[in-house]
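In the order they appear, the protein sequences are chains A, L and U. Just so you know, the numbering used here puts the end of the first sequence at 314, numbered straight through with nothing missing. Just so you know, the numbering used here puts the end of the second sequence at 1291, numbered straight through with nothing missing. Just so you know, the numbering used here puts the end of the third sequence at 2480, numbered straight through with nothing missing.
Since the hints were derived computationally from the structure, they do not count as laboratory data. Here the structure is a predicted model, which is why all the values come from computation and not from measurement. Incorrect hints may appear among the rest.
[What the hints assert, rightly or not] Computed list of lysine to aspartate or glutamate pairs in EDC-like fashion (alpha-carbon distance at most 16 Å, straight line):
(1) U:Lys2455 <-> A:Glu59
(2) U:Lys2204 <-> U:Asp2184
(3) U:Lys2463 <-> U:Asp2184
(4) U:Lys2456 <-> A:Asp68
(5) U:Lys2104 <-> L:Asp1040
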Amino acid sequence: MANAQTIARKPGRGLLVFKWTLLGPLFGLLLFILPAFLLQLYFSFHSWTIYLGSWWDAEFAGLGVFRDVLTDSRFWWAALRSLIFASLSTLGCFVAGFALAMAMHRPFRGHSLFYAVFILPMLTVPVVIAYTFEMLLFQRGPINGILSTILMTNVNVTWLAQPPIAVFTVIMLEIWNWTPFVFIIMLAGLSSLPPELDEAAQVLGASRWRIFSEVQLPLLRPVIMLALILRFLEAMGEFPKTWALLQGGPGSATETVPVYLFLTTWQYFHISRGAAMSYLVLIFMILIVLLGIRLLRREKQTIDAIHAKPGAGE
Amino acid sequence: MNRRTKRRIAAAFRFGFLGASLFAVGFPIYWMIITSFKPDNEWFTWPPIYWSENWTLDNYRVVWLGIQARITAQEAFTMQKPLQALKHSLALALISTTLSVAFGTLIAYGVSRYRILSDRRMFNLLMLRMIPPIVVAAPLTLYYSALNLLDTLTGLVIVYVITTIPYTVWMTKSFIDEIPHEMEQAAEILGASRWQTIWEVIFPLIRSGVVATFLFILILTWSEYLLALILSKVDVVTLPVQLSKYEGTTEGRVYGYQAALAVGVTLPLIVIGCFIRKHLVRGFTFGMVKR
Amino acid sequence: MKKAHVSRRKFLKGALATAVAAPALLRAGGAKAGPEEDRIVKASKKYGKASLNGMMWALYWRNYPRLNTEFKGLTGISMDQVNDVPNLLIPQRAMAEAISRSGKFDIFHVESMMIPSLVAAGLVEPLDGYMKEAGFKLEMVGNFASFMKYQDVTYALPTDGNVCPQFIRKDLFENPDEQKNFADKHGKPLKWPETWEDELEIMKFFHRPDKELFGFGGLRDKENSSFWYWMYLYSAGGFPFSDDAEPTLTTPAAEYAADTFLARKQVSHPEAAAWGSPQMIPRIVEGKIFSAQYWDGIIARIEGSPTPTTGKWLYGVPPGSKFSGRLIKRAFSAPVMGLIVNKLSPRKKQAAMWSLYMTTAKNSTEVVAHPTMTFHDPWHPVHMTAPEVEKVYGGKAGMESIRKSLLVTTPPPYVTGYQEFKEAVDKNLSEAYAGRKSGKQAIKDAQEEWGKIVKKIGKARIKKEIPYYKAMMPKMDVPT
């Protein structure tokens, strides 16, 4: 559809003006914010710590600041933690969201109540989530209480005090928070599948599993890619919950890149270092985004192509 | 095993799963709500109190009206500003969302009909959203203070619009794409200008989609924490920032107060969420699904 | 305020509280301003009126409104806006002012350890001139006044002593059965602990996790670990820097301190690694903790209103160590909150006067003695004998523990870049506490990180600061 015919208005200056009017505000805002990025660039090449002088006469450091960051093992550990956090939480969100979407795909009585509850976590402010779960996660708190009742043993997990478990806990929080996002996307994907396919496969005697894996799943691929990529990128930037709950602790078990960046900039006031780190993160994110975009574009072209064929779809 | 038993097992499995999920999702929210109505000696006990016998509105009185049993009202009023925070949060969320959706919808229209942004640029646009806000917070502080935009609603609105525009463009575009071009061609034949076409033909058709987008962006701006924390000082305070101030030390964390504030912060979003849930599914596909 | 929202029960409760508190407030506030206050008022008048803007945590602000109104009536200067920022966030928010240099805040209520960094950032107004002008003399218990100075210049006015005396559960400690059992088990009587080793032995004896009683209630999380560490280190005769500004975190004394720090894990709550005060204080108050070094405000919290452990505590000076060859006892005060005037503010003169007025002997007594808001803890010699303060802080025994602890109280590293130094120690210790590395490795890693920080800040600068930091150490080994 996107490369179908554009509207047959006479081209000319009017059109050009019109196009730029549409884009104008965005470009205006981007131009407006650009100096902040330039300042950031300036910082990353100069050595400035807030309390050691003013920014305009900070010493030029060339690539020194970048070298410092790149040789800082703490930064790499933080990057590794971020990657683990983002991948596992993305995976968790996806599995839970997809399963929910499958279960909710066909309507039943009380469907809309379930639906309304399932999207609630996404509507909850992240800081609120952190504080609420703090109440729930005490060793002598409701979650252990409920688990004890269900499992009939005394569950005494310290959810926040032991490094590996604390990591698990923040990942679970992220999953709890953002499963609805995947759920909604997958639901939209499922409802777009043509029912005739399903019927045809059943008539041919295919098992449910084969229908799912060989008919539905391939058709859902673009939506799945979309959900995974968006979720992964948002998880890489997660800050409020981890910070409000653990400030990177215990030890440095939950010190992800955003947490380390925050510490460097706002606790050590080492602006240059923070800036250099930001740029490295930015480059890294752009690489991921570009990769993601390549995948997404390929998927989109495929579906556009399918739908552009006469008779298909619509 | 015949087919009926098989189907029954499948159904039992399905509803078991749904029930468990309902509990997993609902319980934390239930806990937040019930804590907000508990008196302070029940916030934190073992065994936990799952259902309070002593409901009270005190927590709400304290956080929202500044009334406290132990100190005079005058003292309490000078210290917390939840109503001001509410006002600022509302203004901030509404203004930035309106602007973001207005600009975003126009761009989306341009992309859908005139391809003013190539596919590649469209994807690059998404990148704006993906820069973690923490990355630019420090230079932004410096830049804003030079422009006197620090601690103003304007300053925050600008940042919020920029960070949400990618989503508005993508979401509204998926709605505009669904409208057949014949509609506009007809309008053109009738002599409508481009702007008239947008306003009188396109907009009414995508209204529900725009509403969904609007409310989704409202959720994002309403709950933003980090930038609001760093770019505000005295004159501006938002609810998520206000919330983080209830870390009482000598009294232990004041869970009940926090919960009462949290319910107030979350409730508007939940109400909104229930309104848009049908539209959400449509808006959330970013054009990756064709109907 | 809307009266309609106050239920009758609430109203009666409030009226009762006021009636109880009234005598104390009247005695402190109703009296006429003394000569010191008069001098400040007189000095303030020539600067004219001002509406001030402060960065202060609401829980601290609650003690000031009456004095604020009074000062406004006398001079036209008052704090009209309080930007409520939680304690731990204030250093960061104050430093952010060095980026924006907005002059929007007149007063920062921030911990005094931030003074060197804030001075280096050009944010702090020296106060000696104003003090001289108003005939104000800064008096604090023991050597404590040096916490407010940096290189002999006064930069802050104290509001909160925040020292940590020793808390021990009286009902358990003085129980004859427990005493007999202890004597049978260890072959010596149960006595108030003199050294960290004694303390550990006693805590082990009373550590009964199956009965929800934990031997030790000090903090071991990422924000607070280092405070306890410094106390152990100083009491062992250690110091974190050489005179040449080399970090000395791997000395035998430092190792001993790390071991002492980590040894308390066996008598702590299993969740302690993730707990700060918000989680620990309820446990202390509810009787789940046998002993701890904890902030003196908690004495007022426990004794001021009925709690499960009211009247069930002994207060005293923390134990010490014989590691250096003689017995040294040390306590810690952190964060010591002070009023710091923003040098960039156009109203800095009025702000300085306002701060002075809040800190006079008489007025600060009123602040400290607030019957319910116990965030400001005693620091002035006058507080130690004031009956209204004594009433709030657990009577004679409580006051004596505070006074004695203040006599041997110690600061965290009082040098530029404090936050970074602190965080390096906090992080490594809390990693060791979580079982991620040994104590030895932790201090070795901290030493290495400190080396980098020193290099960044400049050795010369730190070297100049060390004599002043050293001079803040108490003059006596054991308080009397």
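Outcome of the hint check:
1. Taking the CA atoms of lysine 2455 (chain U) and glutamate 59 (chain A), the gap is near 15 Å; set against the 16 Å cutoff, the hint holds.
2. Under the criterion of a C-alpha separation no larger than 16 Å, the hint pairing lysine 2204 (chain U) with aspartate 2184 (chain U) is consistent with the structure, at around 15 Å.
3. Of the pairs offered as hints, the one joining lysine 2463 (chain U) and aspartate 2184 (chain U) is violated, with about 53 Å between alpha carbons and a cut-off of 16 Å exceeded.
4. Taking the CA atoms of lysine 2456 (chain U) and aspartate 68 (chain A), the gap is near 12 Å; set against the 16 Å cutoff, the hint holds.
5. In summary, the hint linking lysine 2104 (chain U) to aspartate 1040 (chain L) is not supported, as the alpha carbons are separated by about 37 Å, beyond the 16 Å threshold.
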